[in-house]
Amino acid sequence: MSGVNDFCFKIGTVNGTGSASANGLLMQAIFRMGIPVVGKNVFPSNIQGLPTWYEIRVSRDGYTARTAPFDLMVAMNTGTYARDVAEIKPGGYLMYDASWPMAQSLLRDDVTVIGIPLGEMCNNAFTGDRERTLMKNIAYTGALAALLAIDMDVIHAMLQEKFGRKKHLLESNYKAIRLGYDYAREHYPCPLPFHLEKMDATRDHILIDGNAAAALGALYAGATVGAWYPITPATSLMENFRMFCEKFRKTPDGKRQFCIVQAEDELAAAGMVIGASWMGARAFTPTAGPGISLMGEFVGLAYYAEVPAVFFDVQRTGPSTGMPTRTQQSDILSAAYLSHGDTKHILLFPASPEECFTMARDAFDLAERYQTPVFVMMDLDIGMNDWMCKRFEWDDSYRPDRGKVLDAAALQKVEKFFRYMSTNGDGVAARTLPGVDPKGSYFTRGSGHTKFGTYTEDADEYREVMDRLVRKLAAAAETVPAPEIIDADGASVGVITLGGCRGAVLEGLDRLKEQGVALDYMRVRGFPFGKPVREFLTRHDRYIVIEQNRDAQLRSLLILETGIAPERLMSILEYGGLPLGTNQVVDGVLGLLKGVEVAV
Amino acid sequence: MTSITKPRVQHPSSTRNALGLSRRDYEGSMSTLCAGCGHDSVTAALIDAFWQLDIQPHRVAKLSGIGCSSKTTAYFINQAHGFNSVHGRMPAVATGANAANRELYFVGVSGDGDSLSIGLGQMCHAIRRNVSMLYVLENNGVYGLTKGQFSASADIGSKSKKGEPNVQPPIDPVLLALTLGASFVARSFSGDKAQLVPILKAGLKHGGFALVDIISPCVTFNDHEGSTKSYLYTRQHYDEVAPVDFVPLRREIAATEPAEGAVRSVTMHDGSTVHFRMLAEDYDPTNRESAYSYVRAAHERGEVATGLLYIDQGSPDMHGVSGTIDSALTSLPYESLCPGNAKLQELMEEYR
Chain D
1 MSGVNDFCFK IGTVNGTGSA SANGLLMQAI FRMGIPVVGK NVFPSNIQGL PTWYEIRVSR
61 DGYTARTAPF DLMVAMNTGT YARDVAEIKP GGYLMYDASW PMAQSLLRDD VTVIGIPLGE
121 MCNNAFTGDR ERTLMKNIAY TGALAALLAI DMDVIHAMLQ EKFGRKKHLL ESNYKAIRLG
181 YDYAREHYPC PLPFHLEKMD ATRDHILIDG NAAAALGALY AGATVGAWYP ITPATSLMEN
241 FRMFCEKFRK TPDGKRQFCI VQAEDELAAA GMVIGASWMG ARAFTPTAGP GISLMGEFVG
301 LAYYAEVPAV FFDVQRTGPS TGMPTRTQQS DILSAAYLSH GDTKHILLFP ASPEECFTMA
361 RDAFDLAERY QTPVFVMMDL DIGMNDWMCK RFEWDDSYRP DRGKVLDAAA LQKVEKFFRY
421 MSTNGDGVAA RTLPGVDPKG SYFTRGSGHT KFGTYTEDAD EYREVMDRLV RKLAAAAETV
481 PAPEIIDADG ASVGVITLGG CRGAVLEGLD RLKEQGVALD YMRVRGFPFG KPVREFLTRH
541 DRYIVIEQNR DAQLRSLLIL ETGIAPERLM SILEYGGLPL GTNQVVDGVL GLLKGVEVAV
Chain X
1 MTSITKPRVQ HPSSTRNALG LSRRDYEGSM STLCAGCGHD SVTAALIDAF WQLDIQPHRV
61 AKLSGIGCSS KTTAYFINQA HGFNSVHGRM PAVATGANAA NRELYFVGVS GDGDSLSIGL
121 GQMCHAIRRN VSMLYVLENN GVYGLTKGQF SASADIGSKS KKGEPNVQPP IDPVLLALTL
181 GASFVARSFS GDKAQLVPIL KAGLKHGGFA LVDIISPCVT FNDHEGSTKS YLYTRQHYDE
241 VAPVDFVPLR REIAATEPAE GAVRSVTMHD GSTVHFRMLA EDYDPTNRES AYSYVRAAHE
301 RGEVATGLLY IDQGSPDMHG VSGTIDSALT SLPYESLCPG NAKLQELMEE YR
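As you go down the protein sequences, you meet chains D and X in turn. All letters in the first sequence, in the order written, are residues 1 to 600 by the working numbering. All letters in the second sequence, in the order written, are residues 1 to 352 by the working numbering.
Bound-form chain D, shown alone:
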């Protein structure tokens, strides 16, 4: 049941009206009161004028999953009143702009209505269309501050940080907040039964989105070349990388120790990453599904010519253009085997911004160690939403794993250098970097080649290289991040999931446990699957695979790669474009278990 520091509310507005800053302000204020909070931005693929929502969940226990329906709906968009009102919990609250009457037909008997004349108050207090619109959205944060007991000192301090010396902006924003705050206090009993009370649970935490976290990881891993083509939801990853580089990577005389190229398309972006990595730089490109499709040819080249390359796939809803501003985990299969011919790639599945940070580093290490493409499989929910995370830490003793690279001194010790000859069990052949030493020169090609690096159309010579690549990926399977496994006593069924499903699945398992249902849990974090994943699959007869796509892609990958019998893997699939909710996990598991009992 909802209560103090445990509730969720949703704000429906029109995009391009400044609501994003208002919602960010709310999130941050709650966070600064020491209370765990998470926000989900549900926005349109549009610049101005279409409906947009922001969902905020306050959870004293630190749960992060999306939960609908809502305790409180802030309906600021007349165009979406009907669907917004329908999403309120029975016994919940509706706050709306009472400057204009609301259609009686939209009201519900089981909902308490709070009308605040936001538009009217702001029209009287401010001049100019733009300012009136913006301030109306700031004013609802004031009303919410009163209704939810947000600390006004915290809000005031944040406004001061934000506007600094721009005194007129500080004054107008604070004025708008007071308008909402005072009106709510005067006309309604404040606070509501569910509200906020200061805690001390966010001290060692930050609020950050996955794209910023991944960019920071790339910076700390030593990436110097970034190539990209703008695409939702990956764009802010490179924008953040640029911002960090401008801050940390400039020489005293203003020269840049990085090179970011905005490419003409995703094909070119992939080619640039391969060219830069071939030279020995750590290079990467952020993209999304449509970009992944376009990069296919180049990814096959990097696989076969054995050039490291790092790709951040911030997955969105496909196929085709799909729903660019909605989330999904639907590039799993296409990324795993991207490109024509026999290929297989290393995938990493971060579940949070924290893991975006660490896995960005892992991606560069793995790409260089195995001289092959690596995909960091993020998604829109992780990439673009603010998540509460533990403060990031960096181990200053970290040094990049450059893999087997022969420098000039090492080359002098070998009689003759052959690029694709491997003497190790891991199948990795030493490489050299262009320009270092004449002895290290070789010819990189996507056409058939021998272990000596020369062109071939001979069956045996071709197979020799292709078979070594299999050994390489098999070795990588044991080096990718191990799965997260949580054992439950007496579990007879296991749950398997990945990436951003984590929050909803773990919360769901807690709730199921309260109902006496115990399940083992495994979240895969890397592909190809290593021994711990295979071992987990031997524990039970049945597993439930929970993922965010229509076709059960993780399940398919498990069947293909581990040989597990398909009937042992059941599915819970969310693919409507919104982050997985806890209820879907609980209801889904209970429904499937009923089926299992019947079958037994």
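Calculated from the structure, these hints are not laboratory results. Beta carbons: idealized from backbone N, C-alpha and C, even for Gly. Treat the hints with care, since some could be wrong.
[What the hints assert, rightly or not] Taking CB as the label site, the calculated pair distances span:
| no. | chain 1 | residue 1 | chain 2 | residue 2 | range |
| --- | --- | --- | --- | --- | --- |
| 1 | D | Lys451 | X | Gly320 | 37 to 43 Å |
| 2 | D | Lys250 | X | Asp270 | 24 to 30 Å |
| 3 | X | Asp54 | D | Asp407 | 23 to 29 Å |
| 4 | X | Gly323 | D | Ile47 | 51 to 57 Å |
Fit chain X to the supplied structure of chain D, relying on the hints for placement.
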């Protein structure tokens, strides 16, 4: 046949350059192209250009896409690092490689299919960025490896081997590059090594994107009567606009001073000089508009204007625009790239 390598025996009397290397040291594997292919002459000219400029072989990155022309990166400078990438996408790989290590010499070899059809966009954007590289476009108007289809550079009315005329207008890489703001635009002929070598040398020293479109006849599929990319047609319609001599820095200028007095000289970034001997009246190789008009008018007359047609030493290359450090990014030690945990903790405060 898995690979063809040449024996590395050298005649003791072979001439050496300032590095003590002979032409043989700039050769590559044996060509597998058809006997008489124009591309092999271009390869020979490239070998001469690199040798004459005393460029260390391993400081060269040679890149290509797919096609007959793209095969040739294997046929020169064995000790350079080569990259035979994917069809039409060499410019992207070269751009990334140059972004990472600006200290090397970059040469891209492409063809009319690779550059003007599948890779048209990539070539245009490499020109726009002024990526510092010599871009050799071996232009024969035809797809060779797939046996004789017209390419996008084929002239209207030019006949295929089977006698069918081409009906679509050509894309002229020289006119295109001039329109896009290219800083170095040249056209030459595989059969004119005397003209080609100085142009290639100037292109290597240009310090920006140097496009050299080279009419390079395909002896198997496009060297017949009725073709406008044949040896015969090119020789008969050859219009040399401005013969050039390239004088590298630190060479005695007197030794290579043009025979017939230079009327115009352009100084390259590194202090080398290009001398233009003007044949065409009033031709100004530093004026984009007049270069464009001249090339277009020549084409209308059915002639092929050749020479170093346009040069601009004033525009910054990709790194100049980006403000990158002067040395290679790959030379930076990790310690100078990672801000460290103390800085991270300061940054974390901004996310609270």
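Tested hints:
Checked against the hint of 37 to 43 Å, the C-beta distance between D/Lys451 and X/Gly320 comes to roughly 41 Å, which is consistent with it. Separation of D/Lys250 from X/Asp270 is about 27 Å and conforms to the stated range, judged on CB atoms against 24 to 30 Å. For the hinted restraint 23 to 29 Å between X/Asp54 and D/Asp407, the CB-CB distance of approximately 25 Å keeps it satisfied. Look at X/Gly323 against D/Ile47: about 30 Å separates their beta carbons, and that is not inside 51 to 57 Å.
Comparing the model with each numbered hint stated earlier shows that hint 4 is the single one that does not hold.
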